[in-house]
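Visitor: What follows is the residue order along each chain.
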Amino acid sequence: MADSIEAIQKAKKTYLMVFGALLIGTVVTVLVATVPALDIGGHGFDIWDAILGLLIAATKSTLVAAIFMHLNHEKKLIYWVFFGAIFFFFAMGALFALAESSPILDTFFYK
Amino acid sequence: MEIPYIVKPRKDTGLINSKIAIWLFLASEVMLFGGFFSAYVYLRLGADYPWPERTLPVLPGLINTFILIGSSVTVVFAWVALKLGNWRQFQIYMGITVACAAIFMVLKGIEYNVKFHHQAARLHDYTVVEGHLGYELKDGADTHHPKDGDYVLDRNGKKIEENMIRVVAEKVTFAVKRFHAPWVSEMLAEAEHAKSEIKLAADIKMVVEEGNEPVTLAKAGEPLSLDLLGKIRKAQLAALKHNASLRTDALRLEWKEAKDANPGKKGWQLASDVNIDVGALEPRLLTEVSTVEFTVDPPTRFLFKPRDIKEGAASSTLRDNTIITGAMEASPMVFHNLDAIDFQWLVMKAKEKGISPETAIANSWLMKNSEFVREAWAWHLVRNEKKQEVLNKRYGFKEDGKTPKQTLTHKELYRLGWKDLGEMGVETKGVKIGGVAKIKEEFMGPNYKARGEKTFPHLSVPREQIRHAAKFSPAWNTYYAIYFTITGLHGLHVIGGALVLLYYLVFGRKMFLSNPEWFANRVEVGGLFWHFVDLVWIFAFPIFYLM
Numbered sequence: 006m007a008d009s010i011e012a013i014q015k016a017k018k019t020y021l022m023v024f025g026a027l028l029i030g031t032v033v034t035v036l037v038a039t040v041p042a043l044d045i046g047g048h049g050f051d052i053w054d055a056i057l058g059l060l061i062a063a064t065k066s067t068l069v070a071a072i073f074m075h076l077n078h079e080k081k082l083i084y085w086v087f088f089g090a091i092f093f094f095f096a097m098g099a100l101f102a103l104a105e106s107s108p109i110l111d112t113f114f115y116k
Numbered sequence: 070m071e072i073p074y075i076v077k078p079r080k081d082t083g084l085i086n087s088k089i090a091i092w093l094f095l096a097s098e099v100m101l102f103g104g105f106f107s108a109y110v111y112l113r114l115g116a117d118y119p120w121p122e123r124t125l126p127v128l129p130g131l132i133n134t135f136i137l138i139g140s141s142v143t144v145v146f147a148w149v150a151l152k153l154g155n156w157r158q159f160q161i162y163m164g165i166t167v168a169c170a171a172i173f174m175v176l177k178g179i180e181y182n183v184k185f186h187h188q189a190a191r192l193h194d195y196t197v198v199e200g201h202l203g204y205e206l207k208d209g210a211d212t213h214h215p216k217d218g219d220y221v222l223d224r225n226g227k228k229i230e231e232n233m234i235r236v237v238a239e240k241v242t243f244a245v246k247r248f249h250a251p252w253v254s255e256m257l258a259e260a261e262h263a264k265s266e267i268k269l270a271a272d273i274k275m276v277v278e279e280g281n282e283p284v285t286l287a288k289a290g291e292p293l294s295l296d297l298l299g300k301i302r303k304a305q306l307a308a309l310k311h312n313a314s315l316r317t318d319a320l321r322l323e324w325k326e327a328k329d330a331n332p333g334k335k336g337w338q339l340a341s342d343v344n345i346d347v348g349a350l351e352p353r354l355l356t357e358v359s360t361v362e363f364t365v366d367p368p369t370r371f372l373f374k375p376r377d378i379k380e381g382a383a384s385s386t387l388r389d390n391t392i393i394t395g396a397m398e399a400s401p402m403v404f405h406n407l408d409a410i411d412f413q414w415l416v417m418k419a420k421e422k423g424i425s426p427e428t429a430i431a432n433s434w435l436m437k438n439s440e441f442v443r444e445a446w447a448w449h450l451v452r453n454e455k456k457q458e459v460l461n462k463r464y465g466f467k468e469d470g471k472t473p474k475q476t477l478t479h480k481e482l483y484r485l486g487w488k489d490l491g492e493m494g495v496e497t498k499g500v501k502i503g504g505v506a507k508i509k510e511e512f513m514g515p516n517y518k519a520r521g522e523k524t525f526p527h528l529s530v531p532r533e534q535i536r537h538a539a540k541f542s543p544a545w546n547t548y549y550a551i552y553f554t555i556t557g558l559h560g561l562h563v564i565g566g567a568l569v570l571l572y573y574l575v576f577g578r579k580m581f582l583s584n585p586e587w588f589a590n591r592v593e594v595g596g597l598f599w600h601f602v603d604l605v606w607i608f609a610f611p612i613f614y615l616m
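In order, the protein sequences belong to chains G and U. Read in order, the letters of the first sequence are residues 6 to 116 in the working numbering. Read in order, the letters of the second sequence are residues 70 to 616 in the working numbering.
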């Protein structure tokens, strides 16, 4: 936690840098999605575009969480609470992977 | 009440209580939005129709992203100002934050509004057409440039959207149990306006008390009213209740007798042929009247919204099971400006059946019936060839030297959106449009006034061709359903967060003077929520606008 006045002044600079990074990240997301020359993977939207877009978004959100929300120096308890939720979010995503493999319709179950 | 550990951290956690509280809340929020984002993935992977990828206007979304990121910075600066004890600076930064939230919501409002006024229709052959519906015009009016006096008005003096289903009703049969009162009132008002009368077709005779003679509840010729329908419904409900309890009693008696006749028997099974003594029951039953018929004299034209009615040539059924007997008039859906022709779904269905896309498109109702569409499609094919050449230059060919490595997307191949039609208008018809009008289009969608009917023509689709139609609302497809769910929920968070921040801004002064540290902590907690709202948008923007 930045508490001394100097530390706060220094933090202000970091905030502005993060702001710049977020703006750049946003512009890059839009450019790779709209400019044909920057289209990665095959032509048009495909898995690579999705991965790149989500990677940029993840980077941006990490910046916001780490710097603006001070997660870069937080107490342990907060980490447990927040990353616990993130963990369950991914667990929820994994459930969809199960749905894709469709165990219920698997012929194994009828034998 | 004294709230503990609001300024000084608790020893065991090392944190102030309000901070733990907001993080717990944010954790629950992660799960809430996470659930909806997972739903998005699920809906997209499981969609049985061409998912509308990259369909939203990018510019407003981009501006909104900038605005939210900017407000995230100003909200930390507001907190920093408090840490430094500078109230004036806090006011400025917090003011900017709240203003950003307002701009965000205004842009969102414009985006939503455009969607709610944009009509889409899927035809029976799975062609999708999009555009703006017009209002019904008087005969002989200029269809392209109607004046105020050219519109047909309904009895309330309102214009009639050309998406109504018109039925000349001769008879109306209500479902006694579940008629929808506002629709009955609407019919009554419409009939009165047309100087016709809705009268009961036949006497309603019902046994309303066990063992008594039937009484005449209503006589033929009695005018329709909610009271009358209500009276019949009341008698019907009473009869249903009475008869049901009689039948249940009879069944119970049967069961008791069977049990008494077979003492100690185990393993009872439900028989398919339980016979209660119908003959004995009959005289005790009350009369059930499930439908009641009225005549409309003279026959009157009623208008119904498509979603309220399942139309038929000679009789139609409303959603409350009311049957309207009478001929349906021509009730086309009229796009006063057609702005997209979409064969993606049709091609998908054709491929499933092994039909070539070209054949399917050539045989579609739209190609057969619209000169404009044929012309536009020919232009589209030529342009697509050029686009494919560009791709060939960039990606090259496969080993055989003939098959291109990359082909145009399904969307590029089979959809002509409003931007494409705009391009075509400029290229082939010399339609000119100014820069301001163009920028406006990025926010408000196709500019019909500036580009005119050469670019966005009329199209009248007969009712029998339409399978499903809706505005660009959740009713149109799962894409819009999840789009409105996530962005709507996010918008509510923006409003809620902004209200809290506004509260700090307007009512914070006193607390700032008496307990500045507590106030700074409050603003930090509010700020944490605000950053979270930004976080959600950081994901929502690329997912909805760019993928």
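Worth flagging that the hints you see were computed from the coordinates, not collected in a lab. Any given hint could be a false lead.
Unchecked claim - Calculated lysine-lysine pairs in the BS3-like style (CA-CA distance at most 27 Å, straight line): (1) U/Lys77 x G/Lys81; (2) U/Lys228 x G/Lys81; (3) G/Lys17 x U/Lys207; (4) U/Lys80 x U/Lys228; (5) G/Lys80 x U/Lys80.
Said to hold, decoys possible - Computed footprint of chain U on chain G, listed as stretches where at least three residues anywhere in the stretch have a Cβ under 8 Å from a Cβ of chain U: (6) 15 to 24; (7) 43 to 50; (8) 55 to 69; (9) 73 to 80; (10) 84 to 98.
From the three backbone atoms N, C-alpha and C, an ideal C-beta is built for every residue, glycine too.
Visitor: Hint by hint, say whether it matches the structure.
Guide: Hints, verified against the model:
1. U/Lys77 x G/Lys81: holds, 17 Å
2. U/Lys228 x G/Lys81: With Cα atoms ~63 Å apart, U/Lys228 and G/Lys81 exceed 27 Å; violated.
3. G/Lys17 x U/Lys207: violated, 66 Å
4. U/Lys80 x U/Lys228: Outside the cut-off at roughly 69 Å; violated.
5. G/Lys80 x U/Lys80: holds, 12 Å
6. 15 to 24: holds (count 6)
7. 43 to 50: holds (count 4)
8. 55 to 69: Our answer is that it holds, as 8 residues pass the Cβ test (under 8 Å) against chain U, meeting three.
9. 73 to 80: Answer holds; 3 residues pass the 8 Å Cβ test.
10. 84 to 98: holds (count 9)
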